[in-house]
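Chain by chain, the residues:
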Amino acid sequence: MSELALLLIRLAFLAVLWFFVIAAVGVIRTDLFGPRTAPSANPRKLPTKPAKNIPAKPKRGEPRQMVVTGGPLQGTIINLTEQPITIGRATDSTLVLSDDYASSRHAQLFPQDGQWIVEDLGSTNGTYLDRSKVTRPTPVPLGTPIRIGKTVIELRK
Amino acid sequence: MTTAPVAEAPAVPMTAKRRGAQLVMLAFAIVVVMGAYASVGLGIDGQIPSGTFTYGLGLAVLMFAAYGVLAKWAPWADPLLLPLVTLLNGIGLVFIYRIEQTGQAGASATNQLMWTALGVVMFSATLIVLKDHRTLQRLTYTMGALGLLLLVMPLLPIIGEDVNGASIWIKIGPLTYQPAEMAKMALVIFFAGYLVAKRDVLALAGRRLFFIDLPRVRDLGPVLITWGLSLGVLVLQKDLGSSLLVFGTFIAMLYIATQRTSWVLIGVLLFVGGAVLAGQLFGHVQDRFEVWLDPGNPEFYNRELGGSEQLMQGLFAMGSGGILGTGLGQGFPREIPLSFSDFIIAVVGEELGLTGLMALLMVYALIVERGLRTALAARDPFTKLLAGGLSFLLAWQVFIIVGGVTRLIPLTGLVTPFLSAGGSALLTNWILIALLVRMSDAARRPPPQAIQNEGLTQVFTR
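Residue numbers (numbering that gives the first Met the number 0), protein chains in the order written: chain A, 0 to 156; chain B, 0 to 461.
Chain B on its own, in the form it takes in the complex:
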C-alpha cells in the first residue's frame, strides 16, 4: 500500500465551461447568416449584396459583445443558448432584408438590426443587474401586478391603440409597443413564485375518481382566475394568441409543479369550453374558426378584415417551396400580406423548403431542450419552475404560430420568436434568453467540493 500523496488527485469531473465550443458555434452561426445574406443577393440579381459585410459585421460585433458579457457575468452558462439564438435572429434579419427587397411596406432590416442591438443591450443589462435570479422570487406579487397592468394597458383610453382590429398596442408619442410581450414574462415569473408557495396543497389535496386524481373544488381558484383573465384578453383585446399563450403556459407550469394530470385535463376542458363559447358569442373569434375550417371558400378569401387570403397565400408559398425550397431570394414573399411578421415562417418554408424550415424548428427545439435541461439541473423549485415555464413559453409560442400558419390550429396573431420583425417581441425574447442563461449558470456552476480530509473545516463560498 502506498502512502503516495493523493491530495491533488483528480476531482470529481465537473461540467466544463465549454467556452471554446461556444465561441466556435457562435462564429459558425454568424458565418451561416452571412452565407444566407450573400445567397439572397445572388438569388435576386446575381451578385453579393454590398451590405453583406456591414450587416454580418454588425451582427458579429453585437453577438461577440453579448458573448463577452456572458463570459464575464455568467461564466458557467449553457454554451449553446447564445449561438442558437444568434442563428435565429440572424436568419430573421436576412429574411426581413429579403422581403424588404421586394418592396413590401413595413419590412425594414435596418430597423430590425437596431432592435437586435437593443435586444443585446437588454440581454447584457439583465445578466449584469440580475446577479441571482432568485431575487425575482421576492417580487412574485409585484410581477403578477405588473403583468396584469401590462396586459390591460392597451385598453386604457389615451395610450391604447387599435391596429387591424386588435387592441394590443400602446402608443406613447411616436413609439408603439406591444406590452403583452413583456406581460407574458412577468406572468411566468409570477406563476413560478406563486406555485412554489402553493404547490403542496394543489398537488396533494383532493380525491381519486376512477383513475384520475381530482383536486378539491376550492383549489380551482387560481386556474379559474387565469382562465377568466385569458378569456378577458381574448374578448376585450381580440388577441387570441396571447390568450392561448398565457393560459397554456400556466397549465404547463401547474403540471410541472404538481405532476397531476388532472390539471392538464381541467385546463384543456376549460379552454376548449371557453373558446367554443367565445366562438358562439363573438364575431371575430367565429371568423377565425370559419377561416381555419374552410380557407378556400371565396367568401372568406375576399373578406376585407380577417379573411383567409393571408393564410391561403402562405399555404401556396410553402407548397411551391416543396422539400428543398425555391432558393433564397427566388420566392414570391410579396404575395403574402404581412410576410415579415406573422407569416415569416411561410416565407422560410417557400425559400428554404421543408428541409430549411425543419432545421430552424430543430434550432428552436434545441433552445427549449437547453432550457428544460436547466430546469432539470436546477437545485431549487423556483428555478425549476421558472426555467421550465420560460422554455415552455417559447416552445408553445412557436407551436401556436407555426401551427396557425400551417393550418393545424386556427391562426392567431403571434410573432415567431427572434425571426419576425417586431421590436417588442425581440426585446422580450432576449430578456427571456438572459434569464435562461442566468439560471443555467447557477445550475451548472459546480457545487462546493465535498470535504476529503476529515478534521478540516470547510469554508463555503457562495
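If we strip away everything but chain A, and leave its shape as in the complex, we get:
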C-alpha cells in the first residue's frame, strides 16, 4: 500500500466521519423546523402535484407571503407553500407567539383550491378577520388583517 493511498484513505475517512456529524445535524435541523417534514394530511392536493421543476408557483393573484404587520413579531415574513401554517404559543407552531392573549394552538391557515383559509382552533380569545370573529374556516382575501391577540398578520403577493 503506497503512502499516497494511505494518505487519501486517511483524509477520506475523516471526511466521512465529519459528514456523519453534519448529516446528524441535518436531521436535527429538519426536526427543529418541523413543518417541512410534517406529513400533509390533506389528500386533495395530491392528484395535482406539480412537476418537479415548478415548485408550486402561485398563480397571479394568489398570495405568496404571510407578513406580520403588528405585534412583537412585526416584520416577520413566512413564504407560503402547500403546507398549512399554524399559529400559537406551542413551540411546534409555524409562527410561535409569545403573547398572553394567544392560545397554544390558536389558529391555522391552509390552502384550499387556490385560496388560503383561516380557521380558529378553539382559542380562548378568538381570531379576528378584519373586524369579525372567525367562527368557522373562512377564506382570507389579500391584505386583510387577521388579528390574534396582539399580533396582526396579512397575506401579500
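Think of the hints as simulated: they come from the structure by calculation, not from any bench.
Fair warning: there could be bad hints in the mix.
Quick look at which bits of chain B chain A covers, simulated, 3 or more residues with Cβ under 8 Å [what the hints assert, rightly or not]:
#1 81 to 95
#2 288 to 301
With beta-carbon atoms standing in for the labels, derived distance ranges [what the hints assert, rightly or not]:
#3 A/Thr29 / B/Val275: 44 to 50 Å
#4 B/Asp199 / A/Ala89: 24 to 30 Å
#5 B/Val200 / A/Gln114: 52 to 58 Å
#6 A/Leu6 / B/Asp131: 48 to 54 Å
#7 A/Val24 / B/Leu117: 27 to 33 Å
#8 A/Trp17 / B/Asp131: 50 to 56 Å
#9 B/Gly282 / A/Leu6: 45 to 51 Å
#10 B/Val200 / A/Thr134: 46 to 52 Å
Beta carbons are placed, not taken as given, at the ideal position from N, Cα and C, and that holds for glycine.
Mind docking chain B on chain A? Use the hints.
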C-alpha cells in the same frame, strides 16, 4: 363563504417519527465503522482484515435488532440517539481491535463485541419492560438505597477486590464488575425523584445576600450528605472519578430543579475545599495533583504506581497525531499503558488527529443535546430532571476523562462512554440510552388532538 367540509383539514403539524432518517443514519454509522475497520487493516499490513464483514455484520445485526425493538416499543423516540451511539460503540470496537493487533495485554475486540451484544440486550429489555419511565419515580428511595449499596459493595470483605490501588471492583466467581457504574445511574434516578418532591423548599426559602440568593442553613442537608458521600468514595475507594461524577451531577440537577446559582457556587466551593483537604491528608490524592501539575518531572515519570508515564505517553501520542492524525493503524498505541480503557481518547487523538477527535466529541455533544432536548420537551418535572440529569452525567463523564487525558484537570480513572473497553460501563451506558429513548418517546408522542367540534365528547387514550 363556503361550507366545504373541513373535518379532514390538516391537523396541527406534529413531530414526525423520522423512521427513515433513523434507518439511513444507522446504516451510515455502520458503514463508517466498517470503513474504519478496513482502514485499520490497510494501515497495518496493506490488506483489508478478514474479519471486516464478520464484525461489521455482527454490529449491523445487533443494531438493527435494537432498532426493531425501538420501532416497536418506543416508536416516537428520538431518531438520532441510536445511530450516534452505534457510531461511538463501533468506533470503540475498531480501536480496541486496533490495539489488540499491537499485542497489548487486556485488549480484546471479541470480548467488547460480546459486551456490546449484552448491552443491546439490556437496552431492549429496558425498553420492553419499562413501559412508562415514571414508574421509576415510585422507586425513588429504593433507587437511593440501591445506589448506596452498589457504591459500598467493593469495600465489603469477600466480594470486593483491589485493582491498581483502587477498590472499585467486585468479584463473584470468575466475573468481575464495577458496581459504581450502575450506582451512578441509580443515584441520578434517586436525585430526580427526591428533587421533584423537595425542590420548592430548596428553590424558594432563603434570603438574599449581596447579589446572590442564599438558601437556609438547614436546607443544606442534602448537599452536605452527597458531599460526604462523594468524599467517602474518594477516600475509601480511591476513586476520584466517580466521586467527582456523582457530586457534579447532583449539583447540576439541583441547579436544574431550583434555577439557583447559589447551589452551584456552594457545590463548587465544597468540592474544591474537600479535594484540597483530601490532597493534604491522603497520599494517593496528592499523587494525582503532583502528576497533573508536573508530569515531565522524572521523579513522577518513573514512579511505580500512579506515576505520570501514562499521561505523558498519551500527550506524546496526541502530539504526534497533530491535526490530521497518523492514520488508522499507523500510530503507536502500544506505548500508552491501558490505552484500550482509560486512554482510548489518546489513541483516537493519535490516529485520527484533532479532526477525528473533534468529530467524536461532536457526536457526544449531539447525544447530550438530544437528551437535553428531551428534557425540554418533557411534560412532567420528574422526566425533565431525569433526562437532564442523565444527559449531564454523560457529558460530565466525557469532560472528566477527556479533560484528564489532555491534562486540563487531574487525571481520574473513568472510562470513556461507549469507546473504552469495559463491560460494566458499556452495559450501564446502554441502559442510560434506553432510558433517554424511553423518555424522548414520551416527550415526542403527540398530545391528544384538541377538540374541534363543540358538543362532542373527547375520549383520551393514554
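Taking the hints in turn, this is what the structure says about them:
{"no.": "1", "hint": "81 to 95", "result": "holds (count 3)"}
{"no.": "2", "hint": "288 to 301", "result": "violated (count 0)"}
{"no.": "3", "hint": "A/Thr29 / B/Val275: 44 to 50 Å", "result": "holds, 49 Å"}
{"no.": "4", "hint": "B/Asp199 / A/Ala89: 24 to 30 Å", "result": "holds, 27 Å"}
{"no.": "5", "hint": "B/Val200 / A/Gln114: 52 to 58 Å", "result": "holds, 57 Å"}
{"no.": "6", "hint": "A/Leu6 / B/Asp131: 48 to 54 Å", "result": "holds, 53 Å"}
{"no.": "7", "hint": "A/Val24 / B/Leu117: 27 to 33 Å", "result": "holds, 31 Å"}
{"no.": "8", "hint": "A/Trp17 / B/Asp131: 50 to 56 Å", "result": "violated, 38 Å"}
{"no.": "9", "hint": "B/Gly282 / A/Leu6: 45 to 51 Å", "result": "holds, 48 Å"}
{"no.": "10", "hint": "B/Val200 / A/Thr134: 46 to 52 Å", "result": "holds, 48 Å"}
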